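A.B. asks: Residue numbers (the working numbering), protein chains in the order written: chain A, 2 to 159; chain B, 1191 to 1448.
Source of the hints: derived by calculation from the structure; they are not laboratory data.
Since the structure is predicted, the reported quantities are computational estimates derived from the model, not experimental observations.
Yeah, the Cβ is synthetic: ideal placement off N, Cα and C, and Gly gets one too.
Hints may be right or wrong, so weigh each one.
Claimed, not checked - Here are the in silico distance ranges between beta carbons for each label pair:
#, chain 1, residue 1, chain 2, residue 2, range
1, B, Arg-1270, A, Arg-19, 52 to 62 angstroms
2, B, Lys-1428, A, Ala-15, 33 to 43 angstroms
3, B, Arg-1270, A, Glu-23, 30 to 40 angstroms
4, B, Val-1416, A, Asn-123, 45 to 55 angstroms
5, A, Glu-23, B, Thr-1207, 27 to 37 angstroms
6, A, His-89, B, Glu-1346, 20 to 30 angstroms
7, A, Glu-23, B, Lys-1252, 29 to 39 angstroms
8, A, Arg-22, B, Glu-1386, 29 to 39 angstroms
9, A, Gly-105, B, Cys-1318, 31 to 41 angstroms
10, B, Val-1416, A, Glu-23, 24 to 34 angstroms
11, B, Gly-1371, A, Gln-95, 40 to 50 angstroms
12, A, Ala-15, B, Pro-1313, 43 to 53 angstroms
Said to hold, decoys possible - Chain A regions said to be covered by chain B (calculated; three or more residues, Cβ under 8 angstroms):
#, segment
13, 60-70
14, 97-111
As the list claims (entries may be wrong) - Straight-line distance between alpha carbons at most 30 angstroms, and here's what the computed DSBU-like set of lysine-lysine pairs gives:
#, chain 1, residue 1, chain 2, residue 2
15, A, Lys-59, B, Lys-1252
16, A, Lys-68, B, Lys-1311
17, A, Lys-59, B, Lys-1374
18, A, Lys-59, B, Lys-1387
19, B, Lys-1311, B, Lys-1279
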Amino acid sequence: MSEHACVDFKPVDAILSRYPREEPSLIQVLQDVQRAYNYLPCDVLTRVAGELGVPLAKVFSVATFYKAFALTPQGRTIIKVCTGTACHIRGAPQLIEEVQRRLGIGPGGTTEDMAFTLQTVNCVGACAMAPVVIVGEKYVGAAKATTLATHLVQGGGE
Amino acid sequence: MPTLTIDGKTVHAEHGTFLLAACRKAGIDVPTLCEHPAVEPYGGCRLCVVDVTRPEWDGWCKMVVACLFPVEDGIVVHTRSQRVLDTRKVVLDLLLARCPETPLIRDLAATYGIATTSYVKNPVPTDCILCGLCTRVCDTMGMSAISSVDRGAGREIAPPFRGPPPACIGCLACAEICPTGFIKAESGLRKRRIWEKDFDMLRCPECGRSHITVAQADFFAGRGGVPRSYFETCDVCKRAALAATATRLGGPPATPAR
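Model the full assembly from the supplied sequences, consistent with the hints where possible.
C.D. replies: Right, here's the structure in full:
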């Protein structure tokens, strides 16, 4: 637990003050923590468990269950490559390779400068736009490996 | 009192109980892996599936897990229909793929005619069948020190952050209840180790036997009502003291009064 010992507790305390101190608040609190810290620091999870009166093991169980939560620091921009059936057929593997070649990170990896994290997702429900890549908040439909680099800008661009 | 028919037998079940208890009352064996009297039913292992129907359903039946299906008046239950047996076979086949070396699973699968799994064997064989008995008994104890972690194929039972669990008091309930012996613990005269956490043992002031951990005594005493000294003496010595008191007071009547 000493790995990120010098974590700032101010954001999590502000988040906790907005919710009732009870178990049903857990997921909302964790979502806000994920947004504020870009991951779930273990010391913050311990604080959340204590404040909400939820056993730490349960908090850890929830934190590892949902893909929306990460226990390691994530890049400022998250690149999600859809690997659903339609996207897979229309070239998702090549898109992953392209990101890997450009940024030097595999699925689940984060660049050293903490700019990007590459994730694969099972299906984003936009099969008509296949293959889909989501850079930050921006959805790129009919993505091509040759033009993907133009979309790999910090924050996802316009 | 609901009356139901299980494999042709008429069974009177208790109100508010589940089908599994009714089956057992009728002397019908239903296999289970995640059921235990110490914890609430869970419906996790899916081995206790049975077919439920009613005469007016025209042959239609639904498959339910007996451990979580409340008894109803007039239902007709089949515990060994072909559909039920086939479903249990799939469950055991999958379990055998996960735990190819676990005697409990191998033996149970063998009784259903499965010698080897038809799926791809787990490259990293484990004895954990994910029945959840350990986490549930830990919840029942009031510790919740371990839990289910991750999801899907990577799901496992682990303490928070996969390190020594801070909430664990070393009571060994999880290791005792584990049906496959997956949870390992070492107990000595002075030390106990489980989940990579070390505990100091408490020795009985009367006989010197180490019977519980210091953390256990602290936890039990902290719940209030009973002084810590009560937990320091081991059960054997407590019984001996009780027997001595009873003898001094004249003892129980030799023959029960008629």
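A.B. asks: Now tell me, hint by hint, if it's right for this structure.
C.D. replies: Now for the hints, and whether the structure bears them out:
1. B/Arg-1270 x A/Arg-19: 52 to 62 angstroms: At 55 angstroms between Cβs, range holds.
2. B/Lys-1428 x A/Ala-15: 33 to 43 angstroms: Taking Cβ atoms as reference, B/Lys-1428 and A/Ala-15 lie about 52 angstroms apart, which means the hint is violated.
3. B/Arg-1270 x A/Glu-23: 30 to 40 angstroms: Cβ of B/Arg-1270 to Cβ of A/Glu-23: about 46 angstroms, so the range 30 to 40 angstroms is violated.
4. B/Val-1416 x A/Asn-123: 45 to 55 angstroms: Roughly 52 angstroms apart at Cβ, these two residues keep to the hinted range, so it holds.
5. A/Glu-23 x B/Thr-1207: 27 to 37 angstroms: holds (32 angstroms)
6. A/His-89 x B/Glu-1346: 20 to 30 angstroms: The hint (20 to 30 angstroms, Cβ to Cβ) holds, given that A/His-89 and B/Glu-1346 are roughly 28 angstroms apart.
7. A/Glu-23 x B/Lys-1252: 29 to 39 angstroms: holds (37 angstroms)
8. A/Arg-22 x B/Glu-1386: 29 to 39 angstroms: With Cβ atoms ~31 angstroms apart, the hint holds.
9. A/Gly-105 x B/Cys-1318: 31 to 41 angstroms: Once the Cβ atoms are compared, 36 angstroms apart, the range 31 to 41 angstroms for B/Cys-1318 and A/Gly-105 holds.
10. B/Val-1416 x A/Glu-23: 24 to 34 angstroms: Roughly 30 angstroms apart at Cβ, these two residues keep to the hinted range, so it holds.
11. B/Gly-1371 x A/Gln-95: 40 to 50 angstroms: For A/Gln-95 against B/Gly-1371, whose Cβ atoms are near 47 angstroms apart, the range 40 to 50 angstroms holds.
12. A/Ala-15 x B/Pro-1313: 43 to 53 angstroms: Taking Cβ atoms as reference, A/Ala-15 and B/Pro-1313 lie about 46 angstroms apart, which means the hint holds.
13. 60-70: holds (count 5)
14. 97-111: violated (count 0)
15. A/Lys-59 x B/Lys-1252: violated (34 angstroms)
16. A/Lys-68 x B/Lys-1311: holds (26 angstroms)
17. A/Lys-59 x B/Lys-1374: With Cα atoms ~22 angstroms apart, A/Lys-59 and B/Lys-1374 stay inside 30 angstroms; holds.
18. A/Lys-59 x B/Lys-1387: Holds: A/Lys-59 and B/Lys-1387 sit about 19 angstroms apart, inside 30 angstroms.
19. B/Lys-1311 x B/Lys-1279: It holds: about 16 angstroms lies between the C-alpha atoms, which stays within 30 angstroms.
In summary, the structure is inconsistent with hints 2, 3, 14 and 15 from the numbered list given earlier, while agreeing with the others.
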